[in-house]
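Numbering (my numbering), first residue to last: 1 to 234.
If you're looking for bench data, these hints aren't it; they were derived computationally from the structure. Ideal Cβ positions, reconstructed from N, Cα and C, are used throughout, including at glycine. Just to be clear, a hint being listed does not mean it is correct.
Cut-off 25 Å, straight-line C-alpha distance, at most; resulting in silico cross-link-like pairs (DSS-like, lysine-lysine) [said to hold, decoys possible]:
(1) K28 x K224
(2) K22 x K224
(3) K22 x K193
FRET-style restraints, in silico, Cβ to Cβ [stated by the list, open to error]:
(4) E100 x L57: 23 to 33 Å
(5) Q74 x D174: 30 to 40 Å
(6) G107 x G134: 19 to 29 Å
(7) A166 x L66: 46 to 56 Å
(8) E42 x H217: 41 to 51 Å
(9) S153 x A216: 41 to 51 Å
(10) A148 x G7: 58 to 68 Å
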Amino acid sequence: MRGRQLGEADRIFTLFTSERGKLDAVAKGVRRPRSHLAGRLEFANECEFLMHRGRSLDVIVSAETLNGAWSLVQPERYAVAAVVAELIDAFCEQDLAIPEIYALLTGAIAAIAASNAPRMLLPRFSLRLLEMLGLAPPLSMCVRCGAALPSGSVWLDAEAGGLIDAPCRERWRDLPELEPRDLENLRALALPKSSGPAAALMATAPAAAAVDELVAHHLGKRPKALAHLATLGT
1 MRGRQLGEAD RIFTLFTSER GKLDAVAKGV RRPRSHLAGR LEFANECEFL MHRGRSLDVI
61 VSAETLNGAW SLVQPERYAV AAVVAELIDA FCEQDLAIPE IYALLTGAIA AIAASNAPRM
121 LLPRFSLRLL EMLGLAPPLS MCVRCGAALP SGSVWLDAEA GGLIDAPCRE RWRDLPELEP
181 RDLENLRALA LPKSSGPAAA LMATAPAAAA VDELVAHHLG KRPKALAHLA TLGT
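Could you put the whole structure together from the sequences, leaning on the hints where they help?
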């Protein structure tokens, strides 16, 4: 997902694997021009690794590319993929394998690489990630009183962890409002891929903003990569 320099020729990579989850590993000599690893350890590539355990870091011995996302680097796609990688890095613990998240990540990267509107894929990815981590809000009940959400407008209270109805809304707080179509859109975004139609993948603006607020609340900050994405316009 990301790399940082080590010494004169080595580089430490943060990887997200199907068997061990997130881990750090060193690629020795990868910054040398003739390194056999240099062209394979590219951002967002899916690789098959041979590694051995070192004293403090695993060592990448070989890597074979299974799926290379970027036949042609397009700035918006790359920036959206950077947001995805930052969220995975921030939310996922070291050496904790969750196969569903690996499948979500690889599916998201493939979809981003093929999409003409990649940033539209972020709300669904983010909400599905929160769901898999047990952080997604209930979408059928008020998180304050437990009552079923009404057919009218509801409000997002990120600090409370979800949506609230009118009786629980504190009038002095300026909370994001979601109309019925936005709530239905959120519910569609949260569905597993096999459960909903393709049209459910696109978020309304209020639904996308609600997901962004939830992510920022659970992270304690807004993803840095979002700032770069914003500079690319719409």
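Checked hints:
For the given pair, K28 sits about 29 Å from K224 by alpha-carbon distance, which is inconsistent with the 25 Å threshold. Pair hint K22 plus K224 holds up; C-alpha atoms about 20 Å apart against a cutoff of 25 Å. Note on K22 and K193: the hinted pairing holds, with a Cα-Cα distance of about 24 Å set against a maximum of 25 Å. For E100 paired with L57, a C-beta distance near 27 Å keeps the hint of 23 to 33 Å intact.
For the pair Q74 and D174, the supplied restraint of 30 to 40 Å holds, since their beta-carbon distance comes to about 37 Å. Distance hint check: the CB atoms of G107 and G134 are about 20 Å apart, consistent with the given range 19 to 29 Å. At roughly 51 Å, the beta-carbon separation of A166 and L66 lies within the given 46 to 56 Å, and the hint holds. Our hint of 41 to 51 Å for E42 and H217 is violated, since their Cβ atoms are close to 33 Å apart.
Here the CB-CB span from S153 to A216 is close to 22 Å, at odds with the stated 41 to 51 Å. Here the CB-CB span from A148 to G7 is close to 59 Å, well matched to the stated 58 to 68 Å.
Violated hints, listed in ascending order, are 1, 8 and 9; each of the other numbered hints is respected by the structure.
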